[in-house]
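Under full-length UniProt numbering, think of the first position of the sequence shown as 1, with each following residue one higher.
Keep in mind that a hint or two might mislead.
Said to hold, decoys possible - Taking CB as the label site, the calculated pair distances span:
#	residue 1	residue 2	range
1	118	63	15 to 25 Å
2	67	99	45 to 55 Å
3	77	51	19 to 29 Å
4	22	93	34 to 44 Å
5	37	81	31 to 41 Å
6	127	19	25 to 35 Å
7	123	82	17 to 27 Å
8	119	69	19 to 29 Å
9	43	102	38 to 48 Å
10	69	112	13 to 23 Å
11	89	11	13 to 23 Å
12	136	37	50 to 60 Å
The hints are simulated quantities; they were obtained by calculation from the structure and are not laboratory data. All figures in this text were calculated on a predicted structure; none of them were measured in a lab. All residues carry an ideal CB built from backbone N, CA and C; glycine is no exception.
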Amino acid sequence: MSVQGGWADNVKIYEMKLKLSPAVRNWRANLRPKIRRKWKDFLKAFKERYCKAKTPDAERYYTMFQKKSETPLDFYYRLNKVADRAGIQIDGSSKYREQHLKAFTKKLSDSRLRTTLQGKRLRSLEDVEYVLKQHEDLTLEDDYDTPPPKRDFRADNVPRDKFRMKRSGRAYLAKSEDDSDEGDRQVKFDDEEEKAAPETTTTKSDNQESGFPNMENLSEAVY
1 MSVQGGWADN VKIYEMKLKL SPAVRNWRAN LRPKIRRKWK DFLKAFKERY
51 CKAKTPDAER YYTMFQKKSE TPLDFYYRLN KVADRAGIQI DGSSKYREQH
101 LKAFTKKLSD SRLRTTLQGK RLRSLEDVEY VLKQHEDLTL EDDYDTPPPK
151 RDFRADNVPR DKFRMKRSGR AYLAKSEDDS DEGDRQVKFD DEEEKAAPET
201 TTTKSDNQES GFPNMENLSE AVY
């Protein structure tokens, strides 16, 4: 608007001053009167103070690294763009190309890709781009071919000991036939497996003492 209307310097500065924040106005008040009143000088000082890049492109080229969210090919394009802005020659001679490829390789996060690039003779930036595209295609194919892990929900795979109830170790007193005799009391535990009592063999003398007739007495009584 100022160019089309042919505004004077004082009008341009006045219109811009209305759009400035209080902090920028305070900065402008500390400028020399010549810079404050002349539009070109004021605009140059304003750009140097507020519009300059935080990090020079040349410094960014040597300090930038591959982000986790970008592929090696995307990072290669971004590095080439910064190199072009910084005026760094990356192509034309084998010396510049090798220096650029060396700087790019060191910044990669994939160690296998670094080894691959270091073992190849790349004669142009297009060769580097071709190798990175092939690597990206192979990575996508591997992601598609790898099936997701499957969980087996069969009941046979569930450990049975997980649901086995544990018996509490309770104790009780087992009394003998004579309850009054405390010496015959025994302590038993539920979790102990009861052993089968051995079979007792009845002898002849035992039958006589117990009062039961044996086979000889029984036969005599019959006959």
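Hint by hint, here is what the structure shows:
{"no.": "1", "hint": "118 / 63: 15 to 25 Å", "result": "holds, 22 Å"}
{"no.": "2", "hint": "67 / 99: 45 to 55 Å", "result": "violated, 23 Å"}
{"no.": "3", "hint": "77 / 51: 19 to 29 Å", "result": "holds, 26 Å"}
{"no.": "4", "hint": "22 / 93: 34 to 44 Å", "result": "violated, 53 Å"}
{"no.": "5", "hint": "37 / 81: 31 to 41 Å", "result": "holds, 39 Å"}
{"no.": "6", "hint": "127 / 19: 25 to 35 Å", "result": "violated, 50 Å"}
{"no.": "7", "hint": "123 / 82: 17 to 27 Å", "result": "holds, 23 Å"}
{"no.": "8", "hint": "119 / 69: 19 to 29 Å", "result": "holds, 27 Å"}
{"no.": "9", "hint": "43 / 102: 38 to 48 Å", "result": "holds, 41 Å"}
{"no.": "10", "hint": "69 / 112: 13 to 23 Å", "result": "holds, 20 Å"}
{"no.": "11", "hint": "89 / 11: 13 to 23 Å", "result": "violated, 45 Å"}
{"no.": "12", "hint": "136 / 37: 50 to 60 Å", "result": "holds, 57 Å"}
Hint check: violations occur at hints 2, 4, 6, 11; the rest are consistent with the structure.
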